[in-house]
Amino acid sequence: MGDITLSKAVRSNLLNLQSTATQLGKTQEKLATGLKVNSALDNPTNFFTASSLNSRAGDLGSLLDSVSNAVQTIAAADKGISAITKLVESAQATARQALQTAATVDTTTAAVAATTSTSDLTGVTISAGSAEVLATEDSADTSAVTITAGAAATAATVSGGSNFTSVDVTGGDKSFTIDLGAGAQTINLTQAASGGDNTYDETEIQAQVDAALGAGVVTVGGGGGAAPLSFTTVATGASAEITLAGTDVTDLGVTSGATDTGSALVAATAGDVTINGQTITLADGDDTTAISNAFIAAAAASSGANAFTVSNTGGVLSITGASGNDLTIGGDAATLAAVGLTAATTSNTAAVADTTGDLTINGQTVSLVDGDDTAAIVAKLEAAATASTGTDAFTVSNSSGTVSITGTDSNSVVVGGAAVGSLGLTAATTAETAASTTSSANPQRDVLRAQYNDLLTQIDQLAADTSFNGVNLLDGDSLSVLFNEDGTSSLDVTGVTFDAAGLGLTAVSAGGFDTNADINSTLDLTTAGIDSLRSQSSTFGSNLSVVETRQDFTKNIINVLETGAANLTLADSNEEAANLLALQTRQQLSSTALSLASQADQNVLRLF
Amino acid sequence: MSLKVELKPGERLVIGSCIITNSDQRTRLFIQGKAPILREKDILTAETADSPAKRIYLAIQIMYLEDDLTTMRQDYFKLINEIVRAAPSMIPIIDQINNEILTGSLYKALKVAGKLIQYEQDILANAKSGSAGLSTGRETDS
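Each protein sequence line maps, in turn, to chains L and V. Sequential numbering of the first sequence, starting at 1, is according to this note's numbering. Sequential numbering of the second sequence, starting at 1, is according to this note's numbering.
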């Protein structure tokens, strides 16, 4: 086919048809969607303006959320303040109630009768007393005593006067007697048989003595031409005696009738005497003076609990334990016996006080005599009580040995006299304890004080609980509310500390409600607290209204933006002009114009 | 930082709730402080505010002079919503005004409202000069 040749008119008609068709298409699209600006291509300015308006609305929307939170926080703080105000008023009421209760209560104690008591008299016996007797030991009279080392018993001996050799009996028999105390006994010296020895030497004489007296009774010694002949008893002691006599005794060189007695054994008395640890040594030959000096020296050397004294009276030594010390005597038995002491320990006898005497109870005399036992003493006291009358009347009662003396009714008990101490009493006047009334703080006030303190604790807890979203305006936290995205418009709400201490209210210590003056000063504190609460409440209130105003304003702006963004895509300037003219007319008749006019009239504009 | 105001003879100036009328000499004043200040030429009254945009200006002016957003708030938003429904293309300017009010700079808001009045007059002038019927101005032919 060839080209279709178009005429000018056909071509221009075709172009017109094409453009009309395009316009139709567009109009149909617009009719279908109702939007004049469907895409950025239709009207770029309006499209992008609309998007930016929408996003701005979104930003303001999120800002609005934080503003709402701020509103809630301030509202919570405001509620907290009202609750705390109620608590403080309640505390005030409690304090006022305390003011109206009596400050003190009186407690009366009854009178107590005058009474005094003896000590425990069980086993007590009145005694006239006795002095202390010190421990004492007396020796024997030492005037004639001499200490001796002792001596052994000796035998009796008779000796001749000259050296003896032998006696010759050639001329006839000779004899002599030996008397040992039981009678003379004859000792014969007979001639020997013819041709025998007729001399008797000391040995032969011994043989003859033994034959006559028995062997081992008398010993013949000496002789031999060198010494005299001696006749000695074998027995020793004072009972040993020998007397030589007889016709021919002189031939023996012994004087007739020569006699001797043995000496007795002398016991030794030398040794030690110990007194309270002091050793006194008595030696052989010590006479009464030496003995006395030794004892006195020992006494002087003694001291302390072992001290003792010694005194010599006519040879008798008195040993006394000083100051009531015990006396312990010991030592060698013979020495002790020599001075007449015995080994022993003696103690002193303590003094006994004299508890006899008179005592008076309310004028009644009670006489205590030596020998009164517990029962007797009690009986005497009871008798005195029975005898007492009138304002001097008293009673006694015995409780296991302790006797109480009580004045009857309101009588006093007057105890005196020398013997008061004997019963454990003292000379004194005991009066009745009068009935008394004491004032003490009213416990009711203390109960109210505790209630007041409890209320303060509740205030502390409430202040701590008044938080919203973690911010507590009553606990010192502050709040900053932003009203636009770049932070140039904001409001700072400063928090306060409104626990009990922050309000100036402190717990009242014990006794703090006892005086009216103290309660009144506490009441002043609560009044000041309520004033702070009220002023802070009004501050929060005005903060709240500012925030709420801004909140409403922001909401309205968002509304405008969103409406505007939607409407922007429907913009048409001719339409707008027509709309504006119509609006102008409408507004003249609307209430808005009237409202504007009235507002303008109220301020400076009315002067124009 | 003080504000310098030059007054022509007989010109008036509002400061806070007072009107200062100049004498018959040119005067220069230096003003410091926080009170709202408006020149006579910047002032609209209820009689002179006869168009939607001017009424908005008047509302902002009242808010500025009284330093109080709350009294005019409802009326102001009613005006805003009406104008935005009538002429959506004003929204950017409206948004700017609102922003200034929100940050508390009411004087700047007033200035922007002045621009709004100007913009409104442009639209109305456009309408007067434009033809009745479908607009062909915006669509572009493919």
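I should point out that these hints are in silico values taken from the structure, not numbers from a laboratory. Be aware that one or more of the hints could be misleading.
[Claimed, not checked] Where chain L lies over chain V, by a calculated footprint (3+ residues, C-beta under 8 Å):
1) 20-32
2) 41-47
[To be verified] Pair ranges (Cβ atoms, derived):
3) V/Arg12 x L/Ala75: 40 to 48 Å
4) L/Thr527 x V/Glu47: 37 to 45 Å
5) V/Asp122 x L/Ala75: 42 to 50 Å
6) L/Asp65 x V/Arg26: 41 to 49 Å
7) V/Arg12 x L/Ala501: 57 to 65 Å
8) V/Leu3 x L/Ser595: 30 to 38 Å
9) L/Thr457 x V/Leu3: 32 to 40 Å
10) V/Ala35 x L/Leu491: 41 to 49 Å
11) V/Ala35 x L/Asp65: 34 to 42 Å
12) L/Gln18 x V/Arg39: 43 to 51 Å
13) V/Arg39 x L/Thr527: 51 to 59 Å
14) L/Gly61 x V/Ala35: 31 to 39 Å
15) V/Arg39 x L/Gly61: 51 to 59 Å
Positions of the beta carbon are idealized from the N, C-alpha and C atoms, including for glycine.
Hint check:
1. 20-32: violated (count 0)
2. 41-47: Contact hint for the region 41-47 of chain V vs chain L: holds, 3 residues under 8 Å.
3. V/Arg12 x L/Ala75: 40 to 48 Å: holds, 46 Å
4. L/Thr527 x V/Glu47: 37 to 45 Å: Roughly 56 Å apart at Cβ, these two residues miss the hinted range, so it is violated.
5. V/Asp122 x L/Ala75: 42 to 50 Å: holds, 47 Å
6. L/Asp65 x V/Arg26: 41 to 49 Å: Because 54 Å falls outside the window, the suggested range is violated.
7. V/Arg12 x L/Ala501: 57 to 65 Å: With Cβ atoms ~58 Å apart, the hint holds.
8. V/Leu3 x L/Ser595: 30 to 38 Å: Because 31 Å falls inside the window, the suggested range holds.
9. L/Thr457 x V/Leu3: 32 to 40 Å: Given about 58 Å between the Cβ atoms, the range is violated.
10. V/Ala35 x L/Leu491: 41 to 49 Å: violated, 22 Å
11. V/Ala35 x L/Asp65: 34 to 42 Å: With a Cβ separation near 36 Å, V/Ala35 and L/Asp65 satisfy 34 to 42 Å, so the hint holds.
12. L/Gln18 x V/Arg39: 43 to 51 Å: At 59 Å between Cβs, range violated.
13. V/Arg39 x L/Thr527: 51 to 59 Å: This hint holds: roughly 53 Å between Cβ atoms.
14. L/Gly61 x V/Ala35: 31 to 39 Å: holds, 35 Å
15. V/Arg39 x L/Gly61: 51 to 59 Å: Violated, at about 38 Å.
Hint violations for this structure: numbers 1, 4, 6, 9, 10, 12, 15, all remaining hints satisfied.
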